[in-house]
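2 protein chains.
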Amino acid sequence: MKLLEDKILTEGKIGAGDVLKVDCFLNHRIDVAFLSELGKEFHRLYKDEGINKILTIEASGIGIACLTALHFDCPVVFAKKTKTNNIYADVYTAEVYSYTHQRSYDIVVSKDFLSPGDRVLIIDDFLAKGSALNALIKLIRDAGATPVGAGIVIEKAFQEGGRELRESGFRVESLARIGAMSQKDGIQFVE
Amino acid sequence: MKLLEDKILTEGKIGAGDVLKVDCFLNHRIDVAFLSELGKEFHRLYKDEGINKILTIEASGIGIACLTALHFDCPVVFAKKTKTNNIYADVYTAEVYSYTHQRSYDIVVSKDFLSPGDRVLIIDDFLAKGSALNALIKLIRDAGATPVGAGIVIEKAFQEGGRELRESGFRVESLARIGAMSQKDGIQFVE
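As given, the protein sequences belong to chains A and B, one line each in that order.
Numbering follows my numbering, with no gaps: position 38 of the first sequence is 38.
Numbering follows my numbering, with no gaps: position 154 of the second sequence is 345.
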């Protein structure tokens, strides 16, 4: 998506360790009008799939998920990273490994909010090795619901998460796919 | 706001320890269309205040903040609960005490995303003792920006946070104010 690639090139920064920083519009400051345009694009891609629920993961997936859900006229459920006192005891659980923080954590969704009839679109800000996305798919399948596909804002296509999922037959739509990036050479996108 | 009070009465649950659970529309499953109506009400209340930014705190504030920001046509900034590898080093910091989890934690906002000219509306899902709200006000003031007021979905008016802030001259608009609640007697709202 040209609009997003331009935004990444003009506002994104590559920090130490060749980490992409898009805090300015995606995951700290949220450019709400812009993300709503991305949500419209996810709707164009998945509008014929009978989506009735969007699943994401706290915290930075919530904004893009809500702004996408408006176009689908459906609710959002966000998986929580820890089991708090305020959540119902009956939850679906999956494990995520965070390469950023180099540790595993559990994500949970209340059994009240995923049901066998659901056709669920997963929305997230990033896809790299696919640990979070695979965990979300597991939660949906554990509920007997259908994971229809994923809508990702930025895919690090030089890591294997997206490729492996597509090869397994799972639909992944990424609005920007980065083939390579470094402080030295900048960002190269792939189709 | 009658619409919200009715929603709390029909969909909310009072759990063990007289804790209000509104996971079904506010902070686990997000009823996006409904929260957009709440956002419209926040806009009605604050539309003449020259708001150019909305500040909230991860995770459960993000959805309502984004759905409110659409009505103001302004960006959202969400304060992060821990300093991650992906955030800029230069941050404003404040401490929050969580009575739910009985511990303190820091919240941070990058100095890039709060500026002296900003007129900031704080949006959050709950207000009880006011620890999070006071911390967000501190972040805004540390940046030299103006905290115009707060838009709260549910205020526990039997706790002191809202009263103390209003007495100090700070504007707090809560769409539902709970005067008392218990498993035995249910929920009573106050004006």
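Treat the hints with caution; some may be incorrect.
Ranges between beta-carbon positions, derived for each pair [as the list claims (entries may be wrong)]:
#1 B:D239 x A:L9: 34 to 42 Å
#2 B:E240 x A:S168: 46 to 54 Å
#3 A:K47 x B:D264: 19 to 27 Å
#4 A:L3 x B:F349: 25 to 33 Å
#5 B:Y290 x A:K129: 35 to 43 Å
To be clear about the criterion: a stretch of chain B counts as covered by chain A if any three or more of its residues have a C-beta under 8 Å from a C-beta of chain A, and this derived list gives those stretches [to be verified]:
#6 292-304
#7 314-323
#8 347-361
Calculated directly from the structure, the hints in this document are not laboratory data.
We put the CB at the ideal spot given by N, CA and C, even for glycine.
Results for each hint:
{"no.": "1", "hint": "B:D239 x A:L9: 34 to 42 Å", "verdict": "holds, 38 Å"}
{"no.": "2", "hint": "B:E240 x A:S168: 46 to 54 Å", "verdict": "holds, 51 Å"}
{"no.": "3", "hint": "A:K47 x B:D264: 19 to 27 Å", "verdict": "holds, 25 Å"}
{"no.": "4", "hint": "A:L3 x B:F349: 25 to 33 Å", "verdict": "violated, 48 Å"}
{"no.": "5", "hint": "B:Y290 x A:K129: 35 to 43 Å", "verdict": "holds, 37 Å"}
{"no.": "6", "hint": "292-304", "verdict": "holds (count 5)"}
{"no.": "7", "hint": "314-323", "verdict": "violated (count 0)"}
{"no.": "8", "hint": "347-361", "verdict": "violated (count 0)"}
Of the numbered hints stated above, those contradicted by the structure are hints 4, 7 and 8, listed in ascending order.
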